[in-house]
Amino acid sequence: DVKVTQSSRYLVKRTGEKVFLECVQDMDHENMFWYRQDPGLGLRLIYFSYDVKMKEKGDIPEGYSVSREKKERFSLILESASTNQTSMYLCASTGNTIYFGEGSWLTVV
Amino acid sequence: RKEVEQDPGPFNVPEGATVAFNCTYSNSASQSFFWYRQDCRKEPKLLMSVYSSGNEDGRFTAQLNRASQYISLLIRDSKLSDSATYLCVVIERSGSARQLTFGSGTQLTVLP
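So the sequence lines, in the order shown, correspond to chains Z and G.
Terminal number for the first sequence in the working numbering: 109, no gaps in between.
Terminal number for the second sequence in the working numbering: 1112, no gaps in between.
Source of the hints: derived by calculation from the structure; they are not laboratory data.
A few of these clues could be false.
Lysine to aspartate or glutamate pairs mimicking DMTMM-like chemistry, simulated, CA-CA at most 20 Å apart [what the hints assert, rightly or not]:
hint, chain 1, residue 1, chain 2, residue 2
1, Z, K3, Z, E79
2, G, K1042, G, E1003
3, Z, K71, Z, D26
4, G, K1042, Z, D38
5, Z, K3, Z, E30
6, Z, K3, Z, E72
7, Z, K18, Z, D51
8, Z, K3, Z, E17
9, Z, K53, Z, D26
10, Z, K71, Z, D51
11, Z, K55, Z, D38
12, Z, K57, Z, D26
13, G, K1042, G, E1092
14, Z, K18, Z, E62
15, Z, K3, Z, E56
16, Z, K55, G, E1092
17, G, K1045, Z, D38
18, G, K1042, Z, D51
19, Z, K70, Z, E30
20, Z, K53, Z, E102
21, Z, K57, G, E1003
22, G, K1042, Z, E22
23, Z, K13, Z, D51
24, G, K1045, Z, E102
25, Z, K57, G, D1039
26, G, K1045, Z, D51
27, Z, K18, Z, E79
28, Z, K70, Z, D26
29, Z, K55, Z, E17
30, Z, K57, Z, E69
31, Z, K3, G, E1003
32, Z, K3, G, E1043
33, Z, K71, Z, D28
Okay, chain Z solo, but in the shape it has when bound (with noise of 0.2 Å):
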C-alpha cells in the first residue's frame, strides 16, 4: 500500500519558534509538494520539488523553507514561527496520481 507519511500530525510551537513537518514517501516519487488549507481558501501550494535538491516557490512562499536531500523525503521549513502559519499542512507526492499525506496540524502560539 502506497504511502505519504507526516510524522507531526499535531503540534503547537511558540510564536519565533523554527518549525520542521516531515514528509516521507516510499513510491519512489520524484514530484513533492507541501501546501497549506486553511478555511474557505482551499489548497495553497507553499513549495514543490521536481527532484532531490530541487525546489520550485508556490503561491505562498515566505515565511517558508524547503529541504530535499534525499528523494523519499520533503521537508517544510518554518525560520521563524507566526501565528498567521496556524494552519493544516499537506504533503503531496504524485506518480500516475496525487497521494497525500494525513496532515500536520500545526497551531503557533
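Add chain G to chain Z, keeping to what the hints say.
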C-alpha cells in the same frame, strides 16, 4: 487569474437526489484530470480519474470535455455518506515535473 474554476457551493440535496459538479480549466495542454473527495479535517482522497470516454464507478460518473475544457462529476442516488468537499484537479506534465492545479472545492451536504 485562477486556472481551474469550481463552483464552491454549498450544495444541499436530499437523499436520493442526483447532483452534478463542474470544473473549467484554462490550459488546453492539461493532461490528467481527477476528482478528489475531502472529508472534514482529513486529507483529500482520490475518488475518480477523468477521461474523455467517461468513467463510471457505481453511482459516480466522471466526464472530460476537452473541446470545452471542463470536467464533470455526477453523483446519482445521493447517500448521507456522500457529504464531503469534492475537489477537481488538473495535472500538467513537463518532462518529469508535474504541475498540479486544484479547484477550490465544492461542498456537498446530503440531507436525510
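Hints, one by one, checked against the model:
no. : hint               : result
1   : Z:K3 to Z:E79      : violated (27 Å)
2   : G:K1042 to G:E1003 : violated (25 Å)
3   : Z:K71 to Z:D26     : holds (9 Å)
4   : G:K1042 to Z:D38   : holds (12 Å)
5   : Z:K3 to Z:E30      : holds (14 Å)
6   : Z:K3 to Z:E72      : holds (11 Å)
7   : Z:K18 to Z:D51     : violated (25 Å)
8   : Z:K3 to Z:E17      : violated (29 Å)
9   : Z:K53 to Z:D26     : holds (18 Å)
10  : Z:K71 to Z:D51     : holds (7 Å)
11  : Z:K55 to Z:D38     : violated (23 Å)
12  : Z:K57 to Z:D26     : violated (24 Å)
13  : G:K1042 to G:E1092 : violated (25 Å)
14  : Z:K18 to Z:E62     : holds (14 Å)
15  : Z:K3 to Z:E56      : violated (23 Å)
16  : Z:K55 to G:E1092   : holds (17 Å)
17  : G:K1045 to Z:D38   : holds (17 Å)
18  : G:K1042 to Z:D51   : violated (27 Å)
19  : Z:K70 to Z:E30     : holds (10 Å)
20  : Z:K53 to Z:E102    : violated (24 Å)
21  : Z:K57 to G:E1003   : holds (17 Å)
22  : G:K1042 to Z:E22   : holds (18 Å)
23  : Z:K13 to Z:D51     : violated (30 Å)
24  : G:K1045 to Z:E102  : holds (10 Å)
25  : Z:K57 to G:D1039   : violated (28 Å)
26  : G:K1045 to Z:D51   : violated (24 Å)
27  : Z:K18 to Z:E79     : holds (5 Å)
28  : Z:K70 to Z:D26     : holds (12 Å)
29  : Z:K55 to Z:E17     : violated (23 Å)
30  : Z:K57 to Z:E69     : holds (17 Å)
31  : Z:K3 to G:E1003    : violated (29 Å)
32  : Z:K3 to G:E1043    : holds (13 Å)
33  : Z:K71 to Z:D28     : holds (7 Å)
In summary, the numbered hints that this structure violates are 1, 2, 7, 8, 11, 12, 13, 15, 18, 20, 23, 25, 26, 29 and 31.
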